[in-house]
Amino acid sequence: MSETFGAYLRKRREELLKQSPDYTVRKLAAKIGIQPSYVSKVERGEVPPPSEATIVRLAEALHEDSDVLLALAGKVSADLRQVILKRPKLFAELIRQLKDAPDHALLRVVREVRDGTW
Amino acid sequence: MIELIDDSLVFSFPEVHPSATVSIDFQRTLRIPDDDKHYPLPPGLGCFPLRHVDDFAARVPSAWIEHGGVMLPMYQSEAMWINFHAAYDAERYTAYPFAIKIATGKINVVSGRAWSAGLHRRPQQDYVVVPDQPWLDGYGVAKGVIRQFVAMPLGAGYTAEEQISGKAEHGGLQIMAIPMQRAVFEKRFPKQPRSNRLFARSYVLCEADRGMGFAPGGRMKQEIYRDKYALSDWDLEHSSRCFVHIANSMLWRQITGSHPPTTPPTAEEYTRARLPWFLWYDDQNTAIDGSEVLAGMKSVATLGKEKAETPLPENQSVAPEHIVALRRGLSADQVREFKD
Numbered sequence: 001m002s003e004t005f006g007a008y009l010r011k012r013r014e015e016l017l018k019q020s021p022d023y024t025v026r027k028l029a030a031k032i033g034i035q036p037s038y039v040s041k042v043e044r045g046e047v048p049p050p051s052e053a054t055i056v057r058l059a060e061a062l063h064e065d066s067d068v069l070l071a072l073a074g075k076v077s078a079d080l081r082q083v084i085l086k087r088p089k090l091f092a093e094l095i096r097q098l099k100d101a102p103d104h105a106l107l108r109v110v111r112e113v114r115d116g117t118w
Numbered sequence: 001m002i003e004l005i006d007d008s009l010v011f012s013f014p015e016v017h018p019s020a021t022v023s024i025d026f027q028r029t030l031r032i033p034d035d036d037k038h039y040p041l042p043p044g045l046g047c048f049p050l051r052h053v054d055d056f057a058a059r060v061p062s063a064w065i066e067h068g069g070v071m072l073p074m075y076q077s078e079a080m081w082i083n084f085h086a087a088y089d090a091e092r093y094t095a096y097p098f099a100i101k102i103a104t105g106k107i108n109v110v111s112g113r114a115w116s117a118g119l120h121r122r123p124q125q126d127y128v129v130v131p132d133q134p135w136l137d138g139y140g141v142a143k144g145v146i147r148q149f150v151a152m153p154l155g156a157g158y159t160a161e162e163q164i165s166g167k168a169e170h171g172g173l174q175i176m177a178i179p180m181q182r183a184v185f186e187k188r189f190p191k192q193p194r195s196n197r198l199f200a201r202s203y204v205l206c207e208a209d210r211g212m213g214f215a216p217g218g219r220m221k222q223e224i225y226r227d228k229y230a231l232s233d234w235d236l237e238h239s240s241r242c243f244v245h246i247a248n249s250m251l252w253r254q255i256t257g258s259h260p261p262t263t264p265p266t267a268e269e270y271t272r273a274r275l276p277w278f279l280w281y282d283d284q285n286t287a288i289d290g291s292e293v294l295a296g297m298k299s300v301a302t303l304g305k306e307k308a309e310t311p312l313p314e315n316q317s318v319a320p321e322h323i324v325a326l327r328r329g330l331s332a333d334q335v336r337e338f339k340d
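Top line first, the protein sequences correspond to chains A and B. FYI, this note's numbering numbers position 61 of the first sequence as 61, with every residue one higher than the one before it. FYI, this note's numbering numbers position 291 of the second sequence as 291, with every residue one higher than the one before it.
Treat each hint with caution, since some may be false.
[Said to hold, decoys possible] Here are the simulated EDC-like pairs of lysine to aspartate or glutamate, each with C-alpha atoms no more than 20 angstroms apart in a straight line:
1) Lys41/A to Glu52/A
2) Lys221/B to Asp282/B
3) Lys86/A to Asp55/B
4) Lys41/A to Glu15/A
5) Lys31/A to Asp79/A
6) Lys305/B to Asp36/B
7) Lys89/A to Asp36/B
8) Lys11/A to Glu60/A
9) Lys89/A to Asp55/B
10) Lys221/B to Glu309/B
11) Lys86/A to Asp282/B
12) Lys228/B to Glu268/B
[Stated by the list, open to error] Reference excerpt, derived from the structure (chain B facing chain A, CB under 8 angstroms, subset only):
13) Leu4
14) Leu9
15) His52
16) Asp54
17) Asp55
18) Phe243
19) His322
Just so you know, these hints were derived from the structure itself, not from any lab. A virtual CB, placed ideally from N, CA and C, is assigned to each residue, including glycine.
The whole structure should be built from the sequences, with the hints applied where relevant.
Next comes the structure, spelled out in structure tokens:
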């Protein structure tokens with residue numbers, strides 16, 4: 001997974017570098033406040049992906065979706081984790097049931113107002 | 001099914017017809033004086049916030065969980081009106097018709113009878129028909145006259161439920177929506193060829209833990225229209241219903257941790273500022289008579305006097321001067337909401 005994350009990161013950075021010199025390893029590292037050598041190691045998959053906070057900053061700098069980058073790094077964002085941990089059984093069941101649903105079906109998950117006894 | 005979207009209850013019946021959707025919201029408004037006069041329609045001051053009771057299951061009264069539904073916050077003696085908006089079918093050039101049954105504390109607000117399943121026309125029609133009925137501000141006490149819905153604590157003896165059934169059990173507001181049968185709709189409102197279609201728009205204009213109930217307030221000029229369709233036109237197999245609980249401001253804060261909207265202006269402040277009141281004319285529909293049961297209720301001010309209480313602060317009579325007349329079909333852009 002870390003290799004995939006690193007390779008993706010490198011590919012995306014190099015694409016942006018063709019359009020702007022702001023995307024050298026050095027400049028990107030300076031922008032998000034980490035060492036250039038660390039960025040290189042992450043891109044080569046020599047170290048595990050960085051922390052969630054660093055991935056979110058990387059996503060912002062590379063104009064990527066942070067949830068997508070976190071997923072590539074094998075992580076789930078803290079807010080999502082909290083949502084799931086609050087009702088783990090329900091969400092696990094829900095996600096498993098929806099795993100094969102087409103996108104258009106996922107976009108319309110309806111919550112009904114519950115009627116009770118009165 | 002019923003969804004909660006942008007503080008509106010959206011009743012939709014895709015299994016009946018793609019256009020069979022009606023949304024209902026609850027408008028904040030000023031309380032009209034509870035005196036001997038008949039007042040025009042007060043303004044809409046925006047929707048009350050609505051929340052699923054299930055989202056606050058740990059903090060709402062247990063009966064609310066049993067009833068299901070949604071909740072909204074109201075101050076004691078605050079008024080409200082109900083706004084209806086049926087979805088427009090652009091191919092048939094009409095809004096999808098619905099019969100809407102409404103009760104407060106399980107007492108029907110049109111007939112004064114106890115809540116029951118189905119629709120009735122005898123001895124008294126017990127529902128309104130949307131889109132003919134654009135809104136409803138209170139209990140139908142006489143032909144062309146309603147008594148405004150005013151929130152009062154359950155148990156104090158003022159609510160319609162307590163005055164009619166003698167019990168303070170349910171409180172809140174109960175709503176049921178019944179769509180027109182698909183076949184009847186398609187027959188009554190055939191598709192119109194594109195070349196003949198004029199451009200038009202729908203005339204939609206545009207004790208703490210017992211919760212609250214509704215009591216009859218001041219008199220207002222408003223007609224409840226006779227159902228012009230056949231009783232069998234309504235699709236009773238596909239009705240949906242919802243319980244709307246009313247939390248007073250303190251209970252709302254305890255339950256949700258958020259503040260309810262600010263108190264609305266008084267009728268006196270509103271009138272003094274020369275802001276508009278409204279009259280609604282519809283010469284295509286006939287008003288039904290008021291319910292004798294509802295007419296027999298005592299208004300909050302009258303009952304307060306008998307009890308030597310002052311349940312309605314700032315109940316001075318006002319003389320609205322700036323009255324805007326709205327006529328059905330006159331203008332697509334007419335709205336009842338206040339605008340600068």
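Verification of the supplied hints:
1. Lys41/A to Glu52/A: 17 angstroms, holds
2. Lys221/B to Asp282/B: 13 angstroms, holds
3. Lys86/A to Asp55/B: 13 angstroms, holds
4. Lys41/A to Glu15/A: Holds: Lys41/A and Glu15/A sit about 19 angstroms apart, inside 20 angstroms.
5. Lys31/A to Asp79/A: 25 angstroms, violated
6. Lys305/B to Asp36/B: 14 angstroms, holds
7. Lys89/A to Asp36/B: Roughly 60 angstroms separates the two Cα atoms, so the pair is violated.
8. Lys11/A to Glu60/A: Satisfied, since the Cα-Cα distance of roughly 16 angstroms is no more than 20 angstroms.
9. Lys89/A to Asp55/B: 18 angstroms, holds
10. Lys221/B to Glu309/B: 27 angstroms, violated
11. Lys86/A to Asp282/B: With a Cα-Cα distance of about 53 angstroms, the restraint between Lys86/A and Asp282/B is violated, given a limit of 20 angstroms.
12. Lys228/B to Glu268/B: Violated, at roughly 38 angstroms.
13. Leu4: 6 angstroms, holds
14. Leu9: 7 angstroms, holds
15. His52: Result: holds, 7 angstroms to nearest chain A Cβ.
16. Asp54: This interface hint holds because 6 angstroms falls under the 8 angstroms limit.
17. Asp55: 10 angstroms, violated
18. Phe243: 5 angstroms, holds
19. His322: Violated - the Cβ of His322/B stays beyond 8 angstroms from chain A, reaching only about 38 angstroms at its closest.
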